[in-house]
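S.K.: Using the sequences and the hints, build the whole thing.
Protein sequences appear in the order of chains A and D. Quick note: to get the working numbering, add 22 to the position in the first sequence (first position is 1). Quick note: to get the working numbering, add 22 to the position in the second sequence (first position is 1).
Worth flagging that the hints you see were computed from the coordinates, not collected in a lab. Warning: the hint list may mix true and false statements.
If chains are identical, the list can't say which one is meant, so a pair holds when it fits in one copy or spans any two.
What the hints assert, rightly or not - Straight-line distance between alpha carbons at most 20 Å, and here's what the computed PhoX-like set of lysine-lysine pairs gives: (1) K575 / K494; (2) K228 / K408; (3) K607 / K93; (4) K607 / K419; (5) K415 / K93; (6) K93 / K369; (7) K537 / K556; (8) K28 / K129; (9) K316 / K306; (10) K138 / K321; (11) K322 / K740; (12) K415 / K607; (13) K404 / K415; (14) K568 / K494; (15) K649 / K674; (16) K138 / K740; (17) K779 / K740.
Quick caveat, the model's predicted, so the values are computed rather than measured.
2 protein chains.
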Amino acid sequence: MKQYIKHHPWHIIEEGFDAHLNKISESLCSIGNGRMGQRANFEEHYSGETLQGTYLAGVYYPDKTRVGWWKNGYPEYFAKVLNAPNIIGIDVTINGTRLDLAHCNIKSFNRTLDMKAGLLNRNFVATMPNGVTVTVSAQRLFSVVDDECAAIEYSLQTDVDATVSVKPFVDGDVSNADSNYAEKFWNILQTVSDIKSSYVLAETKKTQFRVCAAFKSSVKVDTQNIEAQHYSNATSAGCTYAFALAAHTTAVIYKFCTVTTSQNYNADALDGKAIVNLQRIVEKGYVKMVDEQKQAWFKKWTTSDIVIEGDVAAQQGIRFNIFQLNQTYTGLDERLNIGPKGFTGEKYGGSTYWDTEAYCIPFYLSTANQAVSRNLLVYRYKHLQKAIENAAKLGFKNGAALYPMVTMNGEECHNEWEITFEEIHRNGAIAYAIYNYINYTSDIDYLAEYGLEVLIGIARFWAQRVNYSTHKKKYVMLGVTGPNEYENNVNNNWYTNYLASWCLKYTIEAIDYVKSNHKKAFKQIVATTTFDAKVETTLWKDIIKKMYYPVDKELNIILQQEGYLDKEQILVADLPAADRPLNQKWSWDRILRSCFIKQADVLQGIYFFQDEFDNDTITRNFDFYEKRTVHESSLSPCVHSILACRIGRIDKAYEMYLRTARLDLDDYNNDTEDGCHTTSMAGTWMSIVEGFGGMLVRNNVLHFNPLIPAQWKSLSFKITYRRALLQVTIEGKKVTIENQSGQTIQLSVNSTLHQLKAMETYSNN
Amino acid sequence: MKQYIKHHPWHIIEEGFDAHLNKISESLCSIGNGRMGQRANFEEHYSGETLQGTYLAGVYYPDKTRVGWWKNGYPEYFAKVLNAPNIIGIDVTINGTRLDLAHCNIKSFNRTLDMKAGLLNRNFVATMPNGVTVTVSAQRLFSVVDDECAAIEYSLQTDVDATVSVKPFVDGDVSNADSNYAEKFWNILQTVSDIKSSYVLAETKKTQFRVCAAFKSSVKVDTQNIEAQHYSNATSAGCTYAFALAAHTTAVIYKFCTVTTSQNYNADALDGKAIVNLQRIVEKGYVKMVDEQKQAWFKKWTTSDIVIEGDVAAQQGIRFNIFQLNQTYTGLDERLNIGPKGFTGEKYGGSTYWDTEAYCIPFYLSTANQAVSRNLLVYRYKHLQKAIENAAKLGFKNGAALYPMVTMNGEECHNEWEITFEEIHRNGAIAYAIYNYINYTSDIDYLAEYGLEVLIGIARFWAQRVNYSTHKKKYVMLGVTGPNEYENNVNNNWYTNYLASWCLKYTIEAIDYVKSNHKKAFKQIVATTTFDAKVETTLWKDIIKKMYYPVDKELNIILQQEGYLDKEQILVADLPAADRPLNQKWSWDRILRSCFIKQADVLQGIYFFQDEFDNDTITRNFDFYEKRTVHESSLSPCVHSILACRIGRIDKAYEMYLRTARLDLDDYNNDTEDGCHTTSMAGTWMSIVEGFGGMLVRNNVLHFNPLIPAQWKSLSFKITYRRALLQVTIEGKKVTIENQSGQTIQLSVNSTLHQLKAMETYSNN
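M.R.: So, in structure tokens, the structure goes:
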């Protein structure tokens with residue numbers, strides 16, 4: 023755990039420079055716009071510890087799978103989020119010496135991410151080895167308005183008259199830190215630099231994504247424009263500005279950047295499109311771009327901000343989480359998804375985990391236009407054929423679909439058998455997200471258009487994945503890994519069995535709805551899926567009726583899986599501190615046979631289906647399992663925080679909240695340097711809104727049962743619900759809900775129903 | 023399956039040349055002498071498909087572990103059996119063209135392994151691209167008398183007068199086909215060629231094994247000795263003989279080779295020792311070396327031969343298996359063990375699996391001096407400290423020992439968690455081998471010298487590896503993989519539980535014996551192991567008493583593991599042929615959740631402890647499990663063959679025997695090109711002697727209950743039992759046992775006791 027980031031409600035501030043923290047700050051201060059993003063690397067050359075990272079959403083490389091012992095069914099490749107051509111580089115040479123903070127005496131340094139405006143600022147004063155003291159002020163943005171574009175303002179002064187050479191460039195000679203076989207992933211096709219632009223045209227190996235990374239720059243000293251010398255070589259292109267700089271005079275470099283990719287244009291039009299983009303933003307100018315950026319972020323915050331009074335650290339934490347989510351995914355492109363590290367690092371590869379459905383969708387449902395979460399659902403719809411192929415590869419038939427554990431284009435690219443083949447509950451999360459979306463938005467017709475086909479594929483998978491045990495006279499599900507990945511290949515994981523059975527039930531309901539309300543669509547779906555309603559649903563109903571659920575009657579609890587109580591029962595409280603975290607201190611087999619739980623498993627199921635369990639049941643299971651849970655997944659504390667609120671355990675809820683909110687800012691797991699835990703940030707948001715806010719949609723009514731920590735003066739959040747924008751404020755017991763929209767809305771606050779008209783405010787005090 | 027090897031009782035014959043089969047023949051015709059070995063690669067250059075392999079027992083490289091997802095506890099390295107400097111090479115150039123069978127028109131080709139004599143012969147007539155037809159006759163041996171030495175006789179004729187250049191060489195520029203990161207594993211320290219010898223001094227990276235691979239050669243045309251031109255370069259050394267060869271005149275090349283290693287000599291003495299070796303064998307001469315080789319192999323066959331009359335294929339199969347075992351391991355060096363591929367390939371790495379204890383020890387017990395199997399036990403004794411460290415790495419304490427799944431020097435080097443950490447029954451096999459050795463030899467004092475310390479380490483492991491289930495009120499063993507590797511991470515594998523409990527019992531017995539009979543040694547062992555007899559054995563007795571054994575009362579069978587009957591019960595007979603072998607056709611998860619069994623599991627336990635189960639129990643369990651067993655491990659059919667004999671199922675026994683005996687000769691699994699399945703060959707031997715011969719030692723009496731297939735006219739085998747050499751011959755119901763030694767021996771044949779005096783013959787007819 024590190025605590026060097028200054029607390030501030032809107033800014034992430036690094037004050038002073040510690041080279042060992044640089045990679046962490048690079049992660050934290052990453053900026054992006056849903057289309058592309060960039061770690062907070064320096065513009066000028068830096069020879070110290072750094073992880074260079076420029077990422078383009080959806081552009082990946084299928085790195086050959088690395089595995090010691092191949093298992094049948096493993097995918098051939100592991101998709102790598104690619105480090106793309108570097109567009110931010112600006113080399114600075116003063117009196118013949120290249121500016122490199124690794125070799126300077128740094129007098130002052132400040133790197134600040136302005137989350138309100140979506141701007142990254144960096145200022146430093148440093149004395150170079152040649153004795154020149156240079157003052158630099160750099161600002162950059164990745165435009166959320168014009169998402170193929172970015173811009174940098176880089177100004178510099180020297181303390182003496184100096185000869186300066188400034189070289190903005192774009193460079194395709196980049197590599198991934200985590201490549202499996204130390205290969206480079208890009209072929210450079212062309213490098214050009216002329217008066218219109220400097221660009222590198224590059225293509226990924228194997229996947230053949232083509233990109234044009236281009237920029238146009240200008241340098242001004244006082245009012246004088248400096249002339250550029252253009253150059254290009256095998257991998258990069260740029261221009262050099264050489265000039266004399268009088269002491270304490272400011273040289274300002276503007277670098278307008280754009281990246282166009284073959285995802286959006288014909289491969290041979292990329293340079294032309296890039297030049298058009300550059301013309302547009304150069305004409306617009308840097309100041310206007312900043313202005314637009316601020317306005318756009320103001321708008322995002324209007325619908326998604328959370329205000330915590332009385333706890334700046336908690337305030338900064340939640341805003342950081344919201345900021346990262348908003349700059350990772352905008353919902354504008356249905357081919358994209360939310361990678362586990364967003365645009366902050368390359369680790370874990372792939373872009374899509376079940377995190378999207380289980381954690382991120384609730385965030386986007388409440389804070390963005392409903393088209394955003396709909397796009398996330400459609401993304402999976404478009405991968406349905408691949409999911410069917412994936413299931414077929416594992417021996418499933420007849421259109422059964424198994425969505426991958428990790429994917430870029432719908433193909434599986436993870437390769438641990440106990441996860442890839444067995445952590446199949448992810449399939450249920452995808453069905454649950456459809457339910458969740460419809461429950462929240464009331465857009466039930468989504469079923470006819472996309473949802474039902476996906477549900478049928480998933481239901482078919484479950485129906486084939488269980489088998490009837492003649493021994494138990496029940497359907498059982500053997501060889502699975504539940505959300506608690508500290509158990510592998512178990513039989514009858516309750517969560518998976520429950521979710522599978524629910525999927526079958528929900529699919530039958532969906533069939534009934536579409537059949538009755540969208541006859542034509544239903545006919546089409548039946549034809550497409552060669553669905554035999556009678557035979558298939560008969561089996562499904564039998565499975566629903568005879569599914570096996572492990573429970574312990576003596577303790578009156580649900581059993582995480584069969585045999586769980588045969589384990590030695592030790593509580594987390596009794597674990598020596600030196601043994602934590604288990605995943606670093608214990609061997610894998612010891613973890614597996616212990617009773618310790620990585621993340622919510624039974625409790626994940628109770629969270630999903632809260633209305634199906636009474637408070638006593640939740641309390642009993644919470645008390646049993648939470649005591650055995652080590653929360654070594656970033657996805658764990660939020661679910662516990664929400665359930666703790668539900669059963670009135672506010673201290674436990676606050677403890678769990680603290681574990682999730684500042685995970686990256688305080689480098690809790692000592693891994694922020696690899697990038698941020700982007701998807702789990704949505705869990706932090708959930709623990710605020712669904713936990714402390716107690717928000718839940720039940721029978722088309724929005725419910726709130728708020729309960730906030732005594733430490734907080736107030737909690738205030740904004741949510742969008744069925745086109746109504748609500749500002750919810752909680753101060754102790756006082757709840758105020760302001761309807762900032764033109765919609766009338768039905769609300770339940772602490773179990774009392776209210777009608778809230780347009781622009782009306784409810785208060786219980 | 024391929025059937026190109028000609029059937030012959032003593033020879034492995036490849037007639038004609040098919041380049042696609044070359045790698046298979048290279049494996050099958052490998053020769054070795056326990057110290058080193060060589061695939062049947064050609065002496066002359068060959069540019070076609072080949073796997074070059076020269077192997078030195080115990081010389082390995084710790085290749086960096088390759089793994090996609092690291093699990094805590096994984097070893098840092100995976101030991102690779104090294105391809106060592108090539109000593110067999112003889113380059114031949116005729117009229118300026120290099121002889122290369124890949125570019126010749128091959129008129130005739132014969133490669134024959136003479137198993138009786140331990141010689142590899144190769145003869146061919148081939149027309150080279152330059153029109154010259156060359157006749158080559160090559161023979162080589164790896165001396166079993168002088169195990170650092172090998173020799174080659176290579177003679178050649180041409181059909182026209184020709185200018186010939188012959189270049190014998192030794193080359194250190196070799197690589198492993200299976201290196202994880204495409205590295206080379208040798209540093210070449212020195213290359214020398216002069217009148218005394220040509221040699222390469224090389225050292226392995228990381229492990230720093232130093233070897234001197236040397237040779238001395240001579241070339242004679244008619245009676246004329248050709249003069250050598252010596253050369254050496256960066257990686258190789260050799261000499262060139264240039265001469266005119268008249269048509270149909272024979273040039274004979276003798277190449278005397280030796281390899282000395284730092285395992286046996288000071289690193290700086292290797293070249294000197296090599297030169298001494300060369301002087302000795304050159305002086306001895308090739309003919310005498312061949313003679314000695316024949317005599318030595320004659321002696322080996324005297325104690326280990328098996329004769330099957332009426333079935334040449336079966337005869338060739340069993341001799342091939344015996345030959346491979348005898349040339350892989352001689353028992354002369356207690357640091358060595360039996361690698362899964364012997365000297366026939368580099369795959370699987372490591373040298374020691376539980377195969378040694380469970381399969382190989384019975385073979386060496388019966389066919390070699392008892393010192394040989396004793397050395398195999400002492401090998402594990404010497405690794406005890408490493409086994410204790412290995413267990414400690416996984417969280418075990420107080421001198422608990424877990425022997426590795428795969429090892430070179432006692433350190434674990436396998437890395438699949440479900441195997442490395444969980445296939446712990448291997449520990450039991452090591453204890454069982456001690457019991458087996460003592461039971462067979464009556465050398466019970468081995469316990470005091472070495473055995474007990476190992477047993478205590480193993481017993482401690484089991485005592486910590488079980489836990490008491492308050493739920494079951496029994497000791498349970500969670501998260502294991504049994505011998506059937508088509509189940510992973512199961513709870514209460516019956517075989518493992520039974521074996522663990524047996525280990526505890528046997529250790530207590532061993533303690534009692536040593537305590538009573540070797541007071542001083544016992545005191546020493548107690549001190550070394552800080553053994554607390556009272557506390558520890560009290561716990562062990564409690565575990566023995568309360569161990570949980572899964573059974574099914576309805577079917578009256580042992581359960582392979584808890585929950586086995588929840589699986590869909592399908593029989594192998596009902597599997598579509600297209601689905602076989604499952605390990606190539608089904609995904610891993612499907613295999614895991616199926617009821618199908620890779621190799622004997624419950625039946626392995628019944629085999630080990632045959633006397634503890636009556637025939638009805640064995641029959642019930644055999645019938646249940648064999649029907650579900652796919653025998654996709656080379657170690658499976660033999661155990662089934664033995665038990666089938668035990669319960670009178672001779673047809674099943676013969677079917678199982680056929681699966682194992684010609685596994686490599688007929689390339690059953692399409693993988694012989696990688697090398698032979700050396701350790702499973704001992705299982706073939708077991709199925710003959712323990713199965714058809716029905717041999718068993720019970721209460722110090724050697725029992726036979728023979729039963730042979732109707733297809734066989736007779737079966738005859740030799741075994742050494744407590745210094746008595748017996749020739750057992752079975753013809754139908756007739757059993758003849760000839761005591762070829764000076765020892766009197768007690769025998770039971772078909773449950774009737776007999777005393778067989780020195781040189782006496784028993785017959786039941």
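S.K.: None of the hints should be skipped; say for each whether it holds.
M.R.: Now for the hints, and whether the structure bears them out:
no.: 1; hint: K575 / K494; result: both (17 Å within a copy, 14 Å between copies)
no.: 2; hint: K228 / K408; result: within (19 Å within a copy, 45 Å between copies)
no.: 3; hint: K607 / K93; result: between (27 Å within a copy, 11 Å between copies)
no.: 4; hint: K607 / K419; result: between (42 Å within a copy, 15 Å between copies)
no.: 5; hint: K415 / K93; result: within (12 Å within a copy, 26 Å between copies)
no.: 6; hint: K93 / K369; result: between (23 Å within a copy, 17 Å between copies)
no.: 7; hint: K537 / K556; result: within (13 Å within a copy, 74 Å between copies)
no.: 8; hint: K28 / K129; result: within (19 Å within a copy, 84 Å between copies)
no.: 9; hint: K316 / K306; result: within (15 Å within a copy, 93 Å between copies)
no.: 10; hint: K138 / K321; result: within (10 Å within a copy, 89 Å between copies)
no.: 11; hint: K322 / K740; result: within (11 Å within a copy, 87 Å between copies)
no.: 12; hint: K415 / K607; result: between (36 Å within a copy, 10 Å between copies)
no.: 13; hint: K404 / K415; result: within (19 Å within a copy, 46 Å between copies)
no.: 14; hint: K568 / K494; result: within (10 Å within a copy, 26 Å between copies)
no.: 15; hint: K649 / K674; result: within (11 Å within a copy, 54 Å between copies)
no.: 16; hint: K138 / K740; result: within (16 Å within a copy, 88 Å between copies)
no.: 17; hint: K779 / K740; result: within (17 Å within a copy, 99 Å between copies)
In this structure, every one of the numbered hints holds.
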